[in-house]
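*Asks:* The primary structure of each chain is shown beneath.
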Amino acid sequence: MKPVKIAMVSLTHGHTRKYYQTLRENSKLDWVASCAEDERAKEVYELYKNGVPCYLSIDEMFEKHPDIEAVVLASANDKHLEQVKDCARRGVHVLSMKIPTFDPKEYDEMVEAVEKAGIVCQVELEMHYNPVVKRLQEIIESGKLGKILSVQATNITLSPVWAFPWQGSPEASYGKRVPLRDGDPRFRGGALCDHPHIFDLIRWLTKSDFDFVYSEVAPNIRPDLEVEDMILANGKMKNGVIFSLDPSWSIAENKLKVPGPGWEVFPKRMEVNVTITGEKGVVACDCFGPNVYHNGAPNDRFTVQYTYFDEWIGLIDEFVACIREHKEPKINLKWHRGTIDAMNACYASIQTKAPAKV
Amino acid sequence: MDLTKMNAALQELRSKYAVANNGEIIAAPCGDMGAGAILKCCCGKNIPLLPWRKERRFFELKNLVDTNTLEDVSTLRFAWMASGKTLAQLLYRELDLCEFIGESPIVSIFATLGGDKTANAIVKLADTKSCSVECSAGLPKGAEEIDKHEIIARRGIGCDRVVDSQIPMSSIYEFTEDGEKRYTDVDTELYGFSTEEIWLIRAAFEVLSKPELADIWIKADSSIRKKVAAALETEKNGAVALFGKED
Numbered sequence: 000m001k002p003v004k005i006a007m008v009s010l011t012h013g014h015t016r017k018y019y020q021t022l023r024e025n026s027k028l029d030w031v032a033s034c035a036e037d038e039r040a041k042e043v044y045e046l047y048k049n050g051v052p053c054y055l056s057i058d059e060m061f062e063k064h065p066d067i068e069a070v071v072l073a074s075a076n077d078k079h080l081e082q083v084k085d086c087a088r089r090g091v092h093v094l095s096m097k098i099p100t101f102d103p104k105e106y107d108e109m110v111e112a113v114e115k116a117g118i119v120c121q122v123e124l125e126m127h128y129n130p131v132v133k134r135l136q137e138i139i140e141s142g143k144l145g146k147i148l149s150v151q152a153t154n155i156t157l158s159p160v161w162a163f164p165w166q167g168s169p170e171a172s173y174g175k176r177v178p179l180r181d182g183d184p185r186f187r188g189g190a191l192c193d194h195p196h197i198f199d200l201i202r203w204l205t206k207s208d209f210d211f212v213y214s215e216v217a218p219n220i221r222p223d224l225e226v227e228d229m230i231l232a233n234g235k236m237k238n239g240v241i242f243s244l245d246p247s248w249s250i251a252e253n254k255l256k257v258p259g260p261g262w263e264v265f266p267k268r269m270e271v272n273v274t275i276t277g278e279k280g281v282v283a284c285d286c287f288g289p290n291v292y293h294n295g296a297p298n299d300r301f302t303v304q305y306t307y308f309d310e311w312i313g314l315i316d317e318f319v320a321c322i323r324e325h326k327e328p329k330i331n332l333k334w335h336r337g338t339i340d341a342m343n344a345c346y347a348s349i350q351t352k353a354p355a356k357v
Numbered sequence: 000m001d002l003t004k005m006n007a008a009l010q011e012l013r014s015k016y017a018v019a020n021n022g023e024i025i026a027a028p029c030g031d032m033g034a035g036a037i038l039k040c041c042c043g044k045n046i047p048l049l050p051w052r053k054e055r056r057f058f059e060l061k062n063l064v065d066t067n068t069l070e071d072v073s074t075l076r077f078a079w080m081a082s083g084k085t086l087a088q089l090l091y092r093e094l095d096l097c098e099f100i101g102e103s104p105i106v107s108i109f110a111t112l113g114g115d116k117t118a119n120a121i122v123k124l125a126d127t128k129s130c131s132v133e134c135s136a137g138l139p140k141g142a143e144e145i146d147k148h149e150i151i152a153r154r155g156i157g158c159d160r161v162v163d164s165q166i167p168m169s170s171i172y173e174f175t176e177d178g179e180k181r182y183t184d185v186d187t188e189l190y191g192f193s194t195e196e197i198w199l200i201r202a203a204f205e206v207l208s209k210p211e212l213a214d215i216w217i218k219a220d221s222s223i224r225k226k227v228a229a230a231l232e233t234e235k236n237g238a239v240a241l242f243g244k245e246d
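Line by line, the protein sequences give chains V and E. Numbered according to numbering that gives the first Met the number 0, the first sequence spans residues 0 to 357. Numbered according to numbering that gives the first Met the number 0, the second sequence spans residues 0 to 246.
Rather than coming from a laboratory, the hints here were simulated on the basis of the structure. This one's a predicted model, so the numbers in the text were calculated from it and none came from an experiment. Heads up, a few of these hints could be off.
[Said to hold, decoys possible] Each computed DSS-like pair below joins lysine-lysine, with the alpha-carbon atoms no more than 27 Å apart: (1) E:Lys209 to V:Lys133; (2) V:Lys4 to V:Lys78; (3) E:Lys15 to V:Lys133.
[To be verified] Which stretches of chain E does chain V cover? Using the computed rule of at least three CB atoms under 8 Å from a CB of chain V, they are: (4) 10-19; (5) 59-65.
[Stated by the list, open to error] Example chain E residues on the side facing chain V (calculated, C-beta under 8 Å, incomplete): (6) Arg56; (7) Gly155; (8) Cys158; (9) Arg181; (10) Asp184; (11) Asp186; (12) Tyr190.
Where is the CB? At the ideal position from N, CA and C, for every residue including glycine.
So here's chain V without its partners, still in its complex pose (with noise of 0.2 Å):
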């Protein structure tokens, strides 16, 4: 199979530097390029020496390399509607990251330039390739549980903001200002913008969509923050199921401007834990467990060291098979949109203090 010739664009994800080893290592790909948001993503970009030319402007990453047929798109929510549209003009393939847009409206817009552009758009929605939910799917479906009652699930991380600051800014991440609720300082675009992942995992468990969710914002624990940091969602699916789930960034972290060793005030950086029941069972997973842990440099705490990270290779060998297959990928434009119609149905329960159907 011909390699995929890609390249990443922005470089302002938080999830940017997780793609930098498969790329380089995939002998399927081949990274020809990256371009930067800005300077700053720029020099972060080169502490990682990645071998890999990098530009500062889109036009000439693909005027100096008209072969490029594929991008990562890892930028802040705001910017992916013009750069899906740049992209489906090129001809040229999308891995999106996890929230496309939360506007409806452009979110269309996208669907259908891709469409009509007949390239392959994947979401970045990396638990999909988590050996442990593989797991979990496979315990469900083997009927052992019986008939699924109830999900409860725990996506909780520390705060990016203070490495990627657009995940602060109510315009960059929910792509526009509007107030939590009434008399609420706050805005849309925090923790839960962060945290699709338990929207889109218990849909794809449960093989059924969202009724209703109600959800609560809590006092921020991040007092200087402009958009939520503590949120609870719980609800129901349309086959019954009912779910908990807790998308916060309720997970103290220190103001580093480059993620690294030292990133955490509490041991563990982040969770998804899943718990589910069924009529004939339950079964307690942890996503990302167990581990290593010491209390050694920079902070002498006690901190958790992650030991697998294996999702974005099977992020990546999904997007190269649809590319060179002509494929539609599992987490395509279309499927997502319910997840991301649950999530603005938070976001609309907080405003209206009600259950918000989906």
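Fit chain E to the given chain V structure using the hints.
*Replies:* Just chain E now, with coordinates in the frame of chain V:
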């Protein structure tokens, strides 16, 4: 171990990552103290596999030392309890890990044995680190292995077990009418293989990817075999087994 499937997976990795060197994973002789399989390399050599060196928890523990997250390591405390393994097999992995994570050769071992079921060894490395190696083959058949690897340094402690716990955690706990079942899945590309198989495939792939490892692992294997044999002898002769001098 399903060697046919393991070799198919090895070939897939070779193809995916464009590794030119070829080889085949073959079973080690029955009762051998090594990892249970070796790599028959296209270069004609049979290379002993040291799969724990590719196991991510050990790799990350070593990483903590290499990155100076743990500074000035003093002592390693390793323990492994298993069923269906010989003391030699248990000691082989743990002594190799002493040198791999401790990053210094073993210069002495003194072990006491409780029959053929348990061994407790104190190991010194050339750079004066001490290691406690506690092995037990006494778990009943079917029991899940218990092990723990702790690095104690002037700055920090690193461990593959969470603080305040005695037994390993799993990724998934399933509770049904059939009882409790656990799973720990660690490798997406090799999903479906047992943990033992995964690290053997990864180790074989590592040797094919980095051919310079072949001689390093051959040498390490030969050295550790002698040290395991000597450690088991200390019970009989009461003397410390010496392999060199401290720096």
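*Asks:* Now tell me, hint by hint, if it's right for this structure.
*Replies:* Hint check:
{"no.": "1", "hint": "E:Lys209 to V:Lys133", "result": "violated (31 Å)"}
{"no.": "2", "hint": "V:Lys4 to V:Lys78", "result": "holds (22 Å)"}
{"no.": "3", "hint": "E:Lys15 to V:Lys133", "result": "holds (21 Å)"}
{"no.": "4", "hint": "10-19", "result": "holds (count 4)"}
{"no.": "5", "hint": "59-65", "result": "holds (count 4)"}
{"no.": "6", "hint": "Arg56", "result": "holds (5 Å)"}
{"no.": "7", "hint": "Gly155", "result": "holds (3 Å)"}
{"no.": "8", "hint": "Cys158", "result": "holds (5 Å)"}
{"no.": "9", "hint": "Arg181", "result": "violated (10 Å)"}
{"no.": "10", "hint": "Asp184", "result": "holds (4 Å)"}
{"no.": "11", "hint": "Asp186", "result": "holds (6 Å)"}
{"no.": "12", "hint": "Tyr190", "result": "holds (5 Å)"}
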